[in-house]
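Participant: Chain by chain, the residues run as shown.
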Amino acid sequence: MNIVGISACTSGIAHTYIAKEKLVKVGQELGHNVRIETQGTIGVEDELTAEEIKNADLVIIAADIKVSGKERFKDKRVVEIPTELAIKAPKQLYKKIEAELHTNK
Amino acid sequence: MEVKFEDLDIGKVINDDLIDLELKSTTKLGVIQELTHLLYKNHCINSEENFIQDVLYREDQGVTGLEKGIAIPHGKSESVIKTTLAIGRTKKPIEWESMDGKPIEVIFLFAVRKSDSNTLHIKLLQKVATLLAHEDILNRFHQVKTKQEIISLLLKNT
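Residue numbers (my numbering), protein chains in the order written: chain Z, 730 to 834; chain E, 896 to 1053.
Bound conformation, chain E alone:
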């Protein structure tokens, strides 16, 4: 199936049930667990334990903290039912290996099905990743006040 990039609607992979702007965790593992639970509650994964294992496996391969307090942990996992994305923001910056050495506050946790025949969803995640290459956008994720603002920011720019 050929999908046109401009036809993609980010609303297909993200909704406000998958966003938490008030994460309680104060550690990297805690944040991953909290966002993983969000994915589980919303039927996007079928095992929290397996998914976390695959996310941590990826963490071992290289730094997922970008710049300006944004991190993009991700798991390509058998436990993923629906390729999607959970977004969280912590109350305080947390320790997390990053490219500029700064701690992390905004986390995009990508969940990707191991063998995804639906390239559409992967392309949507690609668009989000592409967006994260723009510094002005990275700054704005720290300023948004509501879940809807996060979604609008993604919608407007992808």
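So here's chain Z without its partners, still in its complex pose:
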């Protein structure tokens, strides 16, 4: 699957980036193409392009605060989780998403 997403945490210093790394790394191991935009204390980095969003099968928002630019994902299937879940159990997260998408087909 092509997956895009956003990560953002309370102070935008650590959890944001750990969550991103885990989502990308584990996603790739499971055969997905994952791109995550970070909204941290120094602002937006690795901003998602319109093209990437258009081609995405799924959006994951791993955030503990309100993220900006959610309207970019209208018409998309969006999964919203706290950063802790992305850090603690990324594999289970993907498995659950895969299973749900499968049954909804």
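Just so you know, the hints here were simulated from the structure itself, not pulled from any lab data. Some hints could be false.
What the hints assert, rightly or not - BS3-like, lysine-lysine: derived pairs with alpha carbons at most 25 Å apart:
1) E:1009 to Z:795
2) E:1018 to Z:754
3) E:986 to Z:754
4) E:1009 to E:907
5) E:997 to Z:820
6) E:1042 to Z:795
7) E:963 to E:1051
8) E:997 to E:919
9) E:997 to Z:817
10) E:997 to E:986
11) Z:754 to E:997
12) Z:824 to Z:783
13) E:987 to Z:817
14) E:963 to Z:824
15) E:1018 to E:1042
16) E:963 to Z:820
17) E:986 to Z:825
Claimed, not checked - Each pair of labels, with its calculated beta carbon distance range:
18) E:925 to Z:780: 49 to 57 Å
19) Z:794 to E:922: 28 to 36 Å
20) Z:831 to E:928: 48 to 56 Å
21) E:1032 to Z:805: 27 to 35 Å
22) E:912 to Z:801: 43 to 51 Å
23) E:1047 to Z:795: 16 to 24 Å
24) E:1031 to Z:779: 30 to 38 Å
25) E:973 to Z:798: 23 to 31 Å
26) Z:820 to E:910: 34 to 42 Å
27) E:1037 to Z:805: 38 to 46 Å
28) Z:801 to E:1043: 44 to 52 Å
29) E:921 to Z:795: 49 to 57 Å
Said to hold, decoys possible - Stretch-level coverage of chain E by chain Z, calculated; a stretch enters the list once three of its residues show a Cβ under 8 Å from a Cβ in chain Z:
30) 948-957
31) 966-974
32) 1035-1049
Idealized CB from N, CA, C, for every residue including glycine.
Guided by the hints, dock chain E onto chain Z, whose structure is given.
Facilitator: Below, chain E alone, put in the same frame as chain Z:
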């Protein structure tokens, strides 16, 4: 100022004066105080009291214990003079809320200036955070014997 990720040298935010592999504290607050004192002694913060307050404020917002005995408390604070990082290891595991429910032995205390125009240092801390997403690296922080080994581990992998 545009900074290239690969140009970043972690040595700019961490040195062996900011590492203590033999923390004496046996409580979470004690560890935070001990590492905060290290930051103060090295002129990275101008008030231990204010910095600790901001670190504890962040603790209230959510769990900073990751997995495998590693915790990343952090304070974004007016008291921070230089955005940096102090690293400590306790003699025995201490009680600390964590994602896998395990006690904590290795602590990365991030100190970030409230309004930091120097994105370079924040990016360096980001690189350290990114590193902490890798389980094999987390394990190695328990095994290192010297401060220099910690720095090399960070240097090699960031």
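Participant: Now, for every hint given, state plainly whether the structure supports it.
Facilitator: Hints, one by one, checked against the model:
Between residue 1009 (chain E) and residue 795 (chain Z), the direct Cα distance comes to roughly 20 Å. Compliance with the 25 Å bound is thereby established for this hinted pair. For the suggested pair residue 1018 (chain E) and residue 754 (chain Z), the alpha carbons sit about 20 Å apart, so the restraint of at most 25 Å is met. This hinted pair does not check out: residue 986 (chain E) and residue 754 (chain Z) have alpha carbons roughly 32 Å apart, beyond 25 Å. For the suggested pair residue 1009 (chain E) and residue 907 (chain E), the alpha carbons sit about 19 Å apart, so the restraint of at most 25 Å is met.
Straight-line distance between C-alpha atoms of residue 997 (chain E) and residue 820 (chain Z) comes to about 20 Å, which keeps the hinted pair within the 25 Å bound. A threshold of 25 Å between alpha carbons decides the hint, and for residue 1042 (chain E) with residue 795 (chain Z) the separation of about 39 Å lies outside it, so the pair is violated. Using a Cα cut-off of 25 Å, the hinted pair residue 963 (chain E) and residue 1051 (chain E) holds, with the two alpha carbons roughly 21 Å apart. Distance hint between residue 997 (chain E) and residue 919 (chain E) is fulfilled; the C-alpha atoms sit about 20 Å from each other, no more than 25 Å.
With a CA separation close to 13 Å, the supplied pair residue 997 (chain E) and residue 817 (chain Z) stays within the 25 Å bound. Of the pairs offered as hints, the one joining residue 997 (chain E) and residue 986 (chain E) holds, with about 15 Å between alpha carbons and a cut-off of 25 Å not exceeded. For the given pair, residue 754 (chain Z) sits about 24 Å from residue 997 (chain E) by alpha-carbon distance, which is consistent with the 25 Å threshold. Under the criterion of a C-alpha separation no larger than 25 Å, the hint pairing residue 824 (chain Z) with residue 783 (chain Z) is consistent with the structure, at around 23 Å.
Under the criterion of a C-alpha separation no larger than 25 Å, the hint pairing residue 987 (chain E) with residue 817 (chain Z) is consistent with the structure, at around 23 Å. In summary, the hint linking residue 963 (chain E) to residue 824 (chain Z) is supported, as the alpha carbons are separated by about 23 Å, within the 25 Å threshold. For the proposed pair residue 1018 (chain E) and residue 1042 (chain E), the alpha carbon gap of about 22 Å is at most 25 Å, so the pair holds. For the suggested pair residue 963 (chain E) and residue 820 (chain Z), the alpha carbons sit about 17 Å apart, so the restraint of at most 25 Å is met.
A hinted pair counts as satisfied when its Cα atoms are at most 25 Å apart, and residue 986 (chain E) with residue 825 (chain Z) does not qualify at roughly 39 Å. For residue 925 (chain E) and residue 780 (chain Z), the hinted distance range of 49 to 57 Å is satisfied, since their beta carbons lie about 51 Å from each other. Distance hint check: the CB atoms of residue 794 (chain Z) and residue 922 (chain E) are about 29 Å apart, consistent with the given range 28 to 36 Å. At about 51 Å, the CB distance of residue 831 (chain Z) to residue 928 (chain E) agrees with the hint of 48 to 56 Å.
For the hinted restraint 27 to 35 Å between residue 1032 (chain E) and residue 805 (chain Z), the CB-CB distance of approximately 33 Å keeps it satisfied. The hint said 43 to 51 Å for the Cβ distance between residue 912 (chain E) and residue 801 (chain Z), and at roughly 45 Å that hint holds. Taking 16 to 24 Å as the suggested C-beta distance range, the pair residue 1047 (chain E) and residue 795 (chain Z) does not conform, at roughly 40 Å. Distance hint for residue 1031 (chain E) and residue 779 (chain Z): a CB-CB separation of about 37 Å, consistent with the stated range 30 to 38 Å.
Distance hint check: the CB atoms of residue 973 (chain E) and residue 798 (chain Z) are about 29 Å apart, consistent with the given range 23 to 31 Å. Taken as a hint, the range 34 to 42 Å holds for the pair residue 820 (chain Z) and residue 910 (chain E), whose Cβ atoms sit roughly 36 Å apart. Range check, residue 1037 (chain E) to residue 805 (chain Z): Cβ separation about 41 Å, and the 38 to 46 Å hint holds. For the pair residue 801 (chain Z) and residue 1043 (chain E), the supplied restraint of 44 to 52 Å holds, since their beta-carbon distance comes to about 46 Å.
A hinted range of 49 to 57 Å is violated for the C-beta pair residue 921 (chain E) and residue 795 (chain Z), which are about 38 Å apart. Residues of the segment 948-957 of chain E lying with their CB closer than 8 Å to a CB of chain Z number 3, which satisfies the three-residue condition for coverage. Interface restraint, the segment 966-974 of chain E with chain Z: holds (3 residues with C-beta to C-beta distance below 8 Å; minimum three). Beta-carbon proximity to chain Z at under 8 Å applies to 0 residues in the segment 1035-1049 of chain E; the threshold of 3 is not reached and the given coverage is violated.
Checked against the numbered hints above, the structure breaks hints 3, 6, 17, 23, 29, 32 and satisfies the rest.
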